[in-house]
Amino acid sequence: MESEWLMTQYRTVRLPEDLCTEAEKWLTGRFDNLETLISFLLQEIVKDEGSKLDQLEELLVQQRLRDLGYL
Amino acid sequence: MKKHSLVLVTVDCLRADHVGFQGYSRPVTPFLDSLAQNSVVFSDAIVAGAPTYFSFPAIIASRYPLGLGRDVLGIAPNEPTIATALRDTGYKTAAFLAGNPYLSPRFGYHQGFNEFHDFLDSTLPGECIAPTTPSKKLLSDLNRRMQAVSHRTHLTATAYDELYFWYCQLCSRREAVSMDQLRRYPAADVMVDRASSWLRNLGDEPFFLWVHLMDPHHPYYPPQEALSSLGTSNISARRARFLNSFWKRTDIGPQRLQRYRVEILSLYDAGVYWADKQISLLVSALQHLQRWDETVFVVTADHGEEFLEHGARYHAPMSLSEQLIHVPLLLRAPKLLGRRLSQGPFSMIHLAPTLLEAVGAAVPDSFQGRSRWEDISMGNLPNEAAIAECVEACNNPFRVDDRIRPRLLVIRDREYKLVIHFSNKSDCLYDLKNDPGECSPLPTGVLTSERVRLLKLARVHLQNSRRSRNTAFAVRARLRELQQSTGSKPEQAPASPVAG
Chain R
1 MESEWLMTQY RTVRLPEDLC TEAEKWLTGR FDNLETLISF LLQEIVKDEG SKLDQLEELL
61 VQQRLRDLGY L
Chain W
1 MKKHSLVLVT VDCLRADHVG FQGYSRPVTP FLDSLAQNSV VFSDAIVAGA PTYFSFPAII
61 ASRYPLGLGR DVLGIAPNEP TIATALRDTG YKTAAFLAGN PYLSPRFGYH QGFNEFHDFL
121 DSTLPGECIA PTTPSKKLLS DLNRRMQAVS HRTHLTATAY DELYFWYCQL CSRREAVSMD
181 QLRRYPAADV MVDRASSWLR NLGDEPFFLW VHLMDPHHPY YPPQEALSSL GTSNISARRA
241 RFLNSFWKRT DIGPQRLQRY RVEILSLYDA GVYWADKQIS LLVSALQHLQ RWDETVFVVT
301 ADHGEEFLEH GARYHAPMSL SEQLIHVPLL LRAPKLLGRR LSQGPFSMIH LAPTLLEAVG
361 AAVPDSFQGR SRWEDISMGN LPNEAAIAEC VEACNNPFRV DDRIRPRLLV IRDREYKLVI
421 HFSNKSDCLY DLKNDPGECS PLPTGVLTSE RVRLLKLARV HLQNSRRSRN TAFAVRARLR
481 ELQQSTGSKP EQAPASPVAG
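Which chain is which? The protein sequence lines are R and W, in order.
Take the first sequence: its position 50, counted from the start at 1, is 50 in this note's numbering, and no numbers get skipped.
Take the second sequence: its position 299, counted from the start at 1, is 299 in this note's numbering, and no numbers get skipped.
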């Protein structure tokens, strides 16, 4: 995992200082640092496997209607 | 004008056909039957999902269970609910919920309540852990090994399971037990006592009270008094323990389970009876406090219960049979004429906005249902289809992986029901008028126009579910869960990529 990360390009983002300070207080014992926390949260959010199933289910109903000759 | 107060009583696992005012022949709900005469009774109330964790988002927040994505469980942080809407308009709010782990602050159900009691930290009389002795540990290890060896062939596995079940029964026969010791959830009298006490300490302000009762929920251990009142006092605590143990066996088929179905139903019915009796005491308390006349009073359920009608027990999200999605719904409101509404199904997605309008409160924009208060007041419900959904086979929703599975979707109108199993890409159409037991799905090619009509509704529901998703709520809910699961350092969190 670490080697993958080392090959990745990085981007600098701006966050409010007081928010970062609060988050750093919260992450103690949970994450190594603020970058790790934010990366983890973003990964979890973009993963969104449920949405892929939603789209698939919509397509299945459309296909069924097509098979019945109504689309 | 003084604002109306609101009482919402939800009874876990209460199916529509086990209450007298819906035609059940056993006198299990004498109080609700009499209350029904002066109330609006919805003959065909359909939950938006089952079990509890897929049902309550609609009841409390008027949102379909998968409306924020199937990975979201419960109410999202800051998501408007019936409780937040009423608290924000000056209502005193309280919830007394009988120990259902899914109705807890962990899943956001506390939001909007001045007082919230989920009874999850209460110790029940029979709850104690027997100390492990060296000899017990030795026996336990030996048993585990025997189980592993015997489960190598079907024949020896069957023999082992049978012997082990009866061995356990033999061991437990020596213990003295009572129903109260065996019960897993606080009984309805505890909930009603606490709720009544809260009511007594209220001032004149309007209030919203939510009481959730677990008495008909398995394991079925009703108070002995309830069994006696129904003429089934011959079922002792010991017998009830045996029945519950047998009923939960997974190593035998429905045919053998069927043998004890009548007694299991007696236990379940006694739970319903006890809930009914305690609801009558809650109403008495309201009357005594002179709050009854100004109160909108609602009794319903989050889902029903199966007793082998389709081979299954309890209420797992393996099907959305009528036994699971059809629930009783009774609404009593000041100046509202008692009547029965049976023109079409009433989806529980509409309950919260309807109740808010009934007490004159504004309905939050995020609610997916629409108030039917005007229709109800006129004694006329539109005949529109109700939608119920769940994640199929999601038996342990605490695990995210269990939730990322195909949906089970039901489109149900007055006459027809379409069940779509996305897991095996099949859909079954039932003609409920001629096949109320959902025994024979209609073959493809029969009543195609009805199938297509309901499929089109399914398509619209799926489209809306994805496109109108409130991303902010969904993200907040997922972050809440992450926070709960990262109480300690998460293993999956990547190591820091760049130092400094």
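Treat the hints with care, as some may be off.
[Unchecked claim] Straight-line Cα separation of at most 30 Å, DSS-like style, residue types lysine-lysine; simulated pairs:
no., chain 1, residue 1, chain 2, residue 2
1, W, Lys3, W, Lys248
2, W, Lys92, W, Lys335
3, W, Lys2, W, Lys136
4, W, Lys335, R, Lys52
5, R, Lys47, R, Lys25
6, W, Lys3, W, Lys137
7, W, Lys3, W, Lys92
8, R, Lys52, W, Lys456
9, R, Lys47, W, Lys137
No lab work stands behind these hints: they were computed from the structure.
This structure is a prediction, so every number in the text was calculated from the model and none was measured.
Hints the structure violates: just list their numbers, smallest first. 1, 3, 4, 6, 9
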